[in-house]
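There are 2 protein chains.
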Amino acid sequence: MFREGVLGTMQGPVDWVAVDWGTSNLRLFGMDPTGAIAFSRSSPDGMGKLSREQYPGILTALLGDIEGPIDVLVCGMAGARQGWMEAPYLDAPADLSRLIDGAVSPEMNNDISVSILPGVCQRDIGAEDVMRGEETQILGLSALDPGFSGLVVMPGTHSKWALVDGPVLKRFSSAMTGELFDVLRTHSVLRHSFVGELEGEDRDIGVDAGLDQGLAHPERLTATLFKVRAGALLSGRSPAYCAGFLSGLLIGAEIGGQRDWIGAGDIPLIGSVSLSALYQRGFARLGQKTRIIDATDATLAGLKAARKG
Amino acid sequence: MFREGVLGTMQGPVDWVAVDWGTSNLRLFGMDPTGAIAFSRSSPDGMGKLSREQYPGILTALLGDIEGPIDVLVCGMAGARQGWMEAPYLDAPADLSRLIDGAVSPEMNNDISVSILPGVCQRDIGAEDVMRGEETQILGLSALDPGFSGLVVMPGTHSKWALVDGPVLKRFSSAMTGELFDVLRTHSVLRHSFVGELEGEDRDIGVDAGLDQGLAHPERLTATLFKVRAGALLSGRSPAYCAGFLSGLLIGAEIGGQRDWIGAGDIPLIGSVSLSALYQRGFARLGQKTRIIDATDATLAGLKAARKG
Chain A
139 MFREGVLGTM QGPVDWVAVD WGTSNLRLFG MDPTGAIAFS RSSPDGMGKL SREQYPGILT
199 ALLGDIEGPI DVLVCGMAGA RQGWMEAPYL DAPADLSRLI DGAVSPEMNN DISVSILPGV
259 CQRDIGAEDV MRGEETQILG LSALDPGFSG LVVMPGTHSK WALVDGPVLK RFSSAMTGEL
319 FDVLRTHSVL RHSFVGELEG EDRDIGVDAG LDQGLAHPER LTATLFKVRA GALLSGRSPA
379 YCAGFLSGLL IGAEIGGQRD WIGAGDIPLI GSVSLSALYQ RGFARLGQKT RIIDATDATL
439 AGLKAARKG
Chain B
139 MFREGVLGTM QGPVDWVAVD WGTSNLRLFG MDPTGAIAFS RSSPDGMGKL SREQYPGILT
199 ALLGDIEGPI DVLVCGMAGA RQGWMEAPYL DAPADLSRLI DGAVSPEMNN DISVSILPGV
259 CQRDIGAEDV MRGEETQILG LSALDPGFSG LVVMPGTHSK WALVDGPVLK RFSSAMTGEL
319 FDVLRTHSVL RHSFVGELEG EDRDIGVDAG LDQGLAHPER LTATLFKVRA GALLSGRSPA
379 YCAGFLSGLL IGAEIGGQRD WIGAGDIPLI GSVSLSALYQ RGFARLGQKT RIIDATDATL
439 AGLKAARKG
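In order, the protein sequence lines correspond to chains A and B. Numbered per the numbering used here, the first sequence spans residues 139 to 447. Numbered per the numbering used here, the second sequence spans residues 139 to 447.
Treat the hints with caution; some may be incorrect.
[To be verified] Under the rule of at most 20 Å between Cα atoms (straight-line distance), these lysine to any residue pairs were calculated in the SDA-like manner: (1) B:427 - B:400; (2) A:442 - A:179; (3) A:446 - A:253; (4) B:442 - B:248; (5) A:442 - A:330; (6) B:442 - B:201; (7) A:442 - A:171; (8) A:187 - B:327; (9) A:427 - A:405; (10) A:442 - A:201; (11) A:308 - A:235; (12) A:446 - A:209; (13) B:187 - A:329; (14) B:187 - A:330; (15) B:308 - A:372; (16) A:187 - B:442; (17) B:187 - A:308; (18) A:442 - A:325; (19) A:308 - B:372; (20) B:187 - A:327; (21) A:442 - A:240; (22) B:308 - B:285; (23) B:187 - A:325; (24) B:308 - B:231; (25) B:427 - B:402; (26) A:187 - B:402; (27) A:187 - B:285.
If you're looking for bench data, these hints aren't it; they were derived computationally from the structure.
Generate coordinates for the entire structure from the input sequences, incorporating the hints supplied.
Below you can see the structure in the form of structure tokens.
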């Protein structure tokens with residue numbers, strides 16, 4: 139883990155720059171020759187806000203204080219069709235140790251050399267799926283924990299469940315859990331139940347009740363969701379309880395509906411630490427051990443491993 | 139079934155007026171002494187747009203051409219706490235033949251006498267639920283099909299599954315299926331898959347594929363939802379197919395996750411005919427027979443039955 143400023147100051151010589159360019163923001167890390175972070179910077183200029191022409195200028199501005207030629211390796215949505223330059227998907231099953239072979243290099247009119255890593259897709263009819271960014275984290279896991287084989291779960295807006303064997307991504311599936319939470323909380327009738335204080339002890343109680351319900355009956359999700367509203371109306375459930383219940387219910391249903399993916403051994407959870415902790419509570423209710431790996435640590439390890447090729 | 143104008147012309151003497159006052163609009167029926175519809179009117183002044191003070195004026199304006207005293211019986215959201223006047227919920231199990239006993243009467247300063255029917259709630263912790271309007275349709279079913287006992291399914295924004303025995307509502311559960319379709323289509327990443335022509339043969343193919351998926355694996359809903367987007371990206375699924383698939387998937391998951399509610403005999407489906415037809419296709423895939431009852435027919439039969447008391 140590291141501290142980060144919007145415009146961090148360089149602390150030493152920079153060997154190359156690692157960039158995680160996502161939909162809603164970008165994070166950039168100057169790496170020194172020993173592999174340590176020399177500085178980090180972030181910007182709200184995510185792919186979702188940018189036209190193709192804006193990328194070179196934004197990157198150049200963020201790296202303006204670096205002298206001489208510099209290599210930049212990018213993962214994430216910058217490589218999407220609607221991003222900077224499309225880096226076509228690799229097909230799963232995919233050997234991520236050769237991720238760099240699928241990289242594309244947009245032209246720059248300065249000393250900065252950019253490579254954008256591809257995402258991975260799964261074309262099987264009925265099990266179609268895509269990822270951009272998580273493949274780099276899986277490669278990072280194979281560097282942080284060489285020889286790991288089994289299920290990896292990556293909580294997020296579109297959480298990923300992936301079966302891996304070292305750097306080989308065998309099969310994966312995305313769940314819309316995080317986005318469902320956001321759209322239901324913001325746009326559905328459930329929003330009336332979230333007016334007021336959303337934190338506190340009640341939230342924890344709600345999370346556990348939601349996890350239990352989702353794990354026990356993932357098949358009833360469309361019906362149980364309405365219980366958030368009815369519980370507020372009839373049983374005086376607080377906004378904090380309702381918010382906790384909704385997140386627990388969705389996470390519980392995601393885990394409960396995919397229990398057949400779980401094999402032997404601990405499950406690495408790669409994501410934000412606070413969200414991953416909720417998944418950890420869910421898996422623990424099944425007696426399943428997990429370990430949390432911070433998403434940024436995994437991304438950086440993956441970009442380093444990809445650069446070595 | 140009947141034809142309706144925004145302001146229909148009276149065709150005979152009016153005995154009383156039936157009103158279905160919902161969240162997004164209201165529908166009003168002048169009933170002649172034989173029990174037939176003398177006229178019908180509708181207005182976009184649903185509960186969601188009104189303050190308490192506006193109801194009397196809207197009703198008076200819609201009935202302005204009727205001479206002499208007139209009785210008006212209202213069901214639906216006008217009786218909610220945030221509506222015209224709260225008609226407190228009856229508790230399930232509830233004998234709906236005495237629904238009128240729970241009616242409330244807001245004051246009017248003219249010859250119009252108004253009664254608003256109550257909704258029904260279910261207070262069991264963890265199975266909390268509410269309905270306003272559907273209880274009147276269930277009472278209507280007991281008039282249209284005396285002696286019916288079993289499962290009734292009421293497709294809609296918040297579809298209801300209810301176990302009834304004649305006019306007795308024993309147990310029920312709401313599913314957010316219709317609202318999930320709306321918020322996902324409008325506000326989630328899936329919206330990108332619905333740009334273009336949404337009707338046509340492809341929509342039907344999508345509905346069937348979605349129904350099959352939802353019925354087979356209701357527990358995987360959070361994951362299967364993402365396949366709408368990935369199928370569009372990778373398998374060239376058309377917007378019409380995606381729209382059909384999403385509705386089929388959600389309806390299939392609703393039905394598949396609650397199969398244990400299904401008993402012997404045909405299932406009455408009370409709702410809009412087009413939406414009910416999708417549920418009919420879903421149940422048919424399980425070999426389950428259904429019959430569609432137009433929601434307005436059921437509401438009118440229910441208001442008539444409630445008036446007789």
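To see whether the hints hold, each was checked on the structure:
1. B:427 - B:400: holds (11 Å)
2. A:442 - A:179: Measuring from Cα to Cα gives roughly 17 Å; hence the hint holds.
3. A:446 - A:253: It holds: about 13 Å lies between the C-alpha atoms, which stays within 20 Å.
4. B:442 - B:248: Not OK: residue 442 of chain B and residue 248 of chain B at ~23 Å, beyond 20 Å, violated.
5. A:442 - A:330: Measuring from Cα to Cα gives roughly 46 Å; hence the hint is violated.
6. B:442 - B:201: Answer holds: residue 442 of chain B to residue 201 of chain B is near 19 Å, not above 20 Å.
7. A:442 - A:171: holds (12 Å)
8. A:187 - B:327: Roughly 15 Å separates the two Cα atoms, so the pair holds.
9. A:427 - A:405: holds (6 Å)
10. A:442 - A:201: holds (19 Å)
11. A:308 - A:235: With Cα atoms ~13 Å apart, residue 308 of chain A and residue 235 of chain A stay inside 20 Å; holds.
12. A:446 - A:209: Within the cut-off at roughly 13 Å; holds.
13. B:187 - A:329: holds (17 Å)
14. B:187 - A:330: holds (16 Å)
15. B:308 - A:372: holds (18 Å)
16. A:187 - B:442: violated (56 Å)
17. B:187 - A:308: Judged against 20 Å, a Cα distance of about 52 Å means the pair is violated.
18. A:442 - A:325: violated (40 Å)
19. A:308 - B:372: holds (18 Å)
20. B:187 - A:327: holds (15 Å)
21. A:442 - A:240: holds (16 Å)
22. B:308 - B:285: Holds. Residue 308 of chain B to residue 285 of chain B sits at ~15 Å (cutoff 20 Å).
23. B:187 - A:325: holds (17 Å)
24. B:308 - B:231: holds (4 Å)
25. B:427 - B:402: holds (10 Å)
26. A:187 - B:402: This hinted pair is violated, its Cα atoms lying about 55 Å apart.
27. A:187 - B:285: Roughly 61 Å separates the two Cα atoms, so the pair is violated.
Checked against the numbered hints given earlier, the structure breaks hints 4, 5, 16, 17, 18, 26, 27 and satisfies all the rest.
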